[in-house]
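S.K.: Spelled out from the first residue to the last, the chains are:
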Amino acid sequence: MIDQTMLQPPTLPTNYTVKQGHIKTSTGKTIRTEEMIINMGPQHPSTHGVLRLEIVVDGEIIVDCIPHIGYLHRCFEKHCEHMTNYQMVIPYADRMDYCSAMTNEWAFALAAERLLKIEVPERVEYIRVIMAELQRIASHLIAVGTYGIDSGAFTPFLYTFIDREKILDLFEMTCGARLLYNYIWIGGLSHDLPPKFIEQAKDFVEYFRPRLKMLNDLLSYNEIFVKRTANVGVLPKDVAINYAVSGPQLRGSGVNWDLRRDDPYSIYHKLEWEPQVGKGEMGTVGDCWDRHIVRMHEMEQCLNIIEQALAGLPEGNVKAAIPKRIRPEKDAEIYVRTESSRGELGFYIVSDGTASPFRVKARGPAFVNLSVLPEIAKGAMIADLVLIAGSIDIVLGEVDR
Amino acid sequence: MEIIQKLFANELIVSILLSLLPLVFIIAYALVVLYTEMKVAAHIQDRVAYMRTGWHGLLQPIADMLKLLQKEDIIPDKADKLLFRLAPIIAFVGTYAAYAVLPFSSIYIGSNINLGAFFLVAVGSLVVVGILMAGWASNNKWSLFGGVRSAAQMISYEIPTAIAIIIVVMITGSLNLQDVTKFQDGGIGNWVVFGGPSPWLQKLMLMPFTIITFFILFVSSIAEVNRTPFDLPEAESELVQGFNTEYSGMRFAMFYLSEYANLFTVSAVGIALFLGGWSSPFGTFMSGPVWGIFWFVAKAYIFVLVQIWVRWTLPRLRVDQLMYVSWKVLTPWLFVCLLSVGLILVL
Numbered sequence: 292m293i294d295q296t297m298l299q300p301p302t303l304p305t306n307y308t309v310k311q312g313h314i315k316t317s318t319g320k321t322i323r324t325e326e327m328i329i330n331m332g333p334q335h336p337s338t339h340g341v342l343r344l345e346i347v348v349d350g351e352i353i354v355d356c357i358p359h360i361g362y363l364h365r366c367f368e369k370h371c372e373h374m375t376n377y378q379m380v381i382p383y384a385d386r387m388d389y390c391s392a393m394t395n396e397w398a399f400a401l402a403a404e405r406l407l408k409i410e411v412p413e414r415v416e417y418i419r420v421i422m423a424e425l426q427r428i429a430s431h432l433i434a435v436g437t438y439g440i441d442s443g444a445f446t447p448f449l450y451t452f453i454d455r456e457k458i459l460d461l462f463e464m465t466c467g468a469r470l471l472y473n474y475i476w477i478g479g480l481s482h483d484l485p486p487k488f489i490e491q492a493k494d495f496v497e498y499f500r501p502r503l504k505m506l507n508d509l510l511s512y513n514e515i516f517v518k519r520t521a522n523v524g525v526l527p528k529d530v531a532i533n534y535a536v537s538g539p540q541l542r543g544s545g546v547n548w549d550l551r552r553d554d555p556y557s558i559y560h561k562l563e564w565e566p567q568v569g570k571g572e573m574g575t576v577g578d579c580w581d582r583h584i585v586r587m588h589e590m591e592q593c594l595n596i597i598e599q600a601l602a603g604l605p606e607g608n609v610k611a612a613i614p615k616r617i618r619p620e621k622d623a624e625i626y627v628r629t630e631s632s633r634g635e636l637g638f639y640i641v642s643d644g645t646a647s648p649f650r651v652k653a654r655g656p657a658f659v660n661l662s663v664l665p666e667i668a669k670g671a672m673i674a675d676l677v678l679i680a681g682s683i684d685i686v687l688g689e690v691d692r
Numbered sequence: 009m010e011i012i013q014k015l016f017a018n019e020l021i022v023s024i025l026l027s028l029l030p031l032v033f034i035i036a037y038a039l040v041v042l043y044t045e046m047k048v049a050a051h052i053q054d055r056v057a058y059m060r061t062g063w064h065g066l067l068q069p070i071a072d073m074l075k076l077l078q079k080e081d082i083i084p085d086k087a088d089k090l091l092f093r094l095a096p097i098i099a100f101v102g103t104y105a106a107y108a109v110l111p112f113s114s115i116y117i118g119s120n121i122n123l124g125a126f127f128l129v130a131v132g133s134l135v136v137v138g139i140l141m142a143g144w145a146s147n148n149k150w151s152l153f154g155g156v157r158s159a160a161q162m163i164s165y166e167i168p169t170a171i172a173i174i175i176v177v178m179i180t181g182s183l184n185l186q187d188v189t190k191f192q193d194g195g196i197g198n199w200v201v202f203g204g205p206s207p208w209l210q211k212l213m214l215m216p217f218t219i220i221t222f223f224i225l226f227v228s229s230i231a232e233v234n235r236t237p238f239d240l241p242e243a244e245s246e247l248v249q250g251f252n253t254e255y256s257g258m259r260f261a262m263f264y265l266s267e268y269a270n271l272f273t274v275s276a277v278g279i280a281l282f283l284g285g286w287s288s289p290f291g292t293f294m295s296g297p298v299w300g301i302f303w304f305v306a307k308a309y310i311f312v313l314v315q316i317w318v319r320w321t322l323p324r325l326r327v328d329q330l331m332y333v334s335w336k337v338l339t340p341w342l343f344v345c346l347l348s349v350g351l352i353l354v355l
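As they're listed, the protein sequences go chains A and B. So for the first sequence, the working numbering puts the first residue at 292; every next one is plus one. So for the second sequence, the working numbering puts the first residue at 9; every next one is plus one.
The shape of chain A in the complex, shown without the other chains (with noise of 0.2 Å):
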């Protein structure tokens, strides 16, 4: 039997009360006081998609805040188990976190590989580990551009934009699309690098370097950004491991705490590179500053990774040698967790032996990374909710799956 109140999503009670309070004005009146229940998204621009908060507030300070989720809701796991192929899993695994697709289907494609045993060439890491922390730099981008949009400056969006579209023109090259690539094949890629790809790659590097000190004068070190995000939602270490948190919001709680190396895959035991952690620097560890500036830190990370295996870029064949239909044992299964842009992002592989999935389970960051928000955003402003909102980076897509 289920229990049917864990079916229930978490909302107010119907019979919610507002609470109401008395305050007496200078002329010895009293007016009546009350909360008032409101409802932030699903078409609130801030909401960076169609997340919707019920708020309860008192004033603009909030007493209570719940999440709803489920607008974009696709059935993303049951979609998997009726695919022929394991392979057609990966166009849906793209479309969960359209920001960082390229994580996405690397995710799977390992999952599925891990389950069939099969070895990819080296060539196909070192492609692998390219296209991830472009896509990296490209979604963290996409974070701290509407992160300033829900500060209020609309400016250094556009900024990031024309940086994004750079890579996403590289990604573009490469495989023809922009935003749901399909690249990350199981056993392999579809398409080799093109010719020029690398030197126009390392032409982006060079170019980003200096655009990054631009963005980070421009909004990390705004006075007005540094009193608006320093110590608001500060999220403690021991309530982010709590909830599970990971990612950058783990690390801006000052968890040093990265797959890439503390459960390596790939090639990244091989190249040097630091996980960024949050040292509280304009005020308490764990607030939204932090994790904004863990966000800027990282991207400067992946251009030290694409840079080191650009150099090291072996030749070689992109495809491993698979067979045409791909049949796992029977009661086959795996998880296997990878670092994408939002944070763990795992996926559970059960097989039957057939050529489909029996069941996949997606383990999406910006879904439990969300979870906590009700729990740091008690007792902030309707301002700073939406900045504690910005600073989670969720991408609806993917809560939602």
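What the hints contain is simulated information worked out from the structure, not anything from laboratory work. The model shown is predicted, which means the values in this text are computed figures rather than measured ones. Careful, some of the hints might be misleading.
What the hints assert, rightly or not - Heads up, simulated DSSO-like pairs for lysine-lysine below, C-alpha to C-alpha not over 27 Å straight-line: (1) A:Lys320 with B:Lys149; (2) A:Lys408 with A:Lys669; (3) A:Lys310 with B:Lys149; (4) A:Lys669 with B:Lys149; (5) B:Lys47 with A:Lys457; (6) B:Lys190 with B:Lys211.
Unchecked claim - Far from chain A, some chain B residues (derived; all Cβ distances over 12 Å): (7) Ile35; (8) Leu39; (9) Val40; (10) Ser182; (11) Pro205; (12) Ile219; (13) Thr236.
Quick reminder that beta carbons are idealized off the backbone N, C-alpha and C, glycines included.
For chain A, the structure is supplied; the task is to place chain B on it using the hints.
M.R.: Showing chain B alone in chain A's frame:
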């Protein structure tokens, strides 16, 4: 003025014509500023803005305005209909009334009353009523937030503005904006922001305080017109569109127009008080009634440009920080200036 009076002997027609003159100006000016704002914003953000309607998109503001006029006028079902209709008008009236005392030139001022500066502060508050009304009447919680925020903000920032005006009045000895401008006539050195036309020692002592006062007036004027970093009443990322969320078509255009008109008013007040108003910066060179209009509008336009530049560069403050800036930073500094200027003038 005399020409119009001679042309139409009827006093009523003359006064109506004279009072309509600023309206024509506002509309023409709003179109120019709309275009400037879009272009400046675009170039700040590394893009080109509209390019297709006319040469470099010059006709786009007109197209925008026509579009707004044609749009369906929607009044929410549960809105307070009377207040909802009245609000944009009141907001615009508040802004428009201020034009009566702006000295555009040595011969043109709508109404040369002795309490000009005082009148400005007084009618400026009327805009708040309009915005608060709009926020309340919309029957939308976000609008209500916008309205209440706006009221709190404008009331807080009127105090620095008023004190800054008092400081200038102390130096110039008049509340009449025409007199204040005449006081500063005769070149850049006579402007109040550089201490006014006083003996050089007094000037030197006044200068730091007048510059601070001018800066504070500039900051609070941005706050009064609800622009970034003080655009909390219509903070898009927080309050959707704030008090004008539910407005559309012509009524929305009224708010829009009154915002741009207000932008010019605060700039004009700033230059009339501190930067010599219509007087030429080069003494007698390029001075005269017609040049006066040019200088007045040009100076105000530069002021507006700076405001646009600030808007597209900075993030937004939070509500409590906004109050903090007004009450704990600007106002105390202005009191220091007020006291010092008073002492210097007595000495």
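S.K.: For every hint, state whether the structure bears it out.
M.R.: How the hints compare with the structure:
{"no.": "1", "hint": "A:Lys320 with B:Lys149", "result": "25 Å, holds"}
{"no.": "2", "hint": "A:Lys408 with A:Lys669", "result": "47 Å, violated"}
{"no.": "3", "hint": "A:Lys310 with B:Lys149", "result": "17 Å, holds"}
{"no.": "4", "hint": "A:Lys669 with B:Lys149", "result": "20 Å, holds"}
{"no.": "5", "hint": "B:Lys47 with A:Lys457", "result": "24 Å, holds"}
{"no.": "6", "hint": "B:Lys190 with B:Lys211", "result": "18 Å, holds"}
{"no.": "7", "hint": "Ile35", "result": "27 Å, holds"}
{"no.": "8", "hint": "Leu39", "result": "22 Å, holds"}
{"no.": "9", "hint": "Val40", "result": "22 Å, holds"}
{"no.": "10", "hint": "Ser182", "result": "35 Å, holds"}
{"no.": "11", "hint": "Pro205", "result": "37 Å, holds"}
{"no.": "12", "hint": "Ile219", "result": "21 Å, holds"}
{"no.": "13", "hint": "Thr236", "result": "6 Å, violated"}
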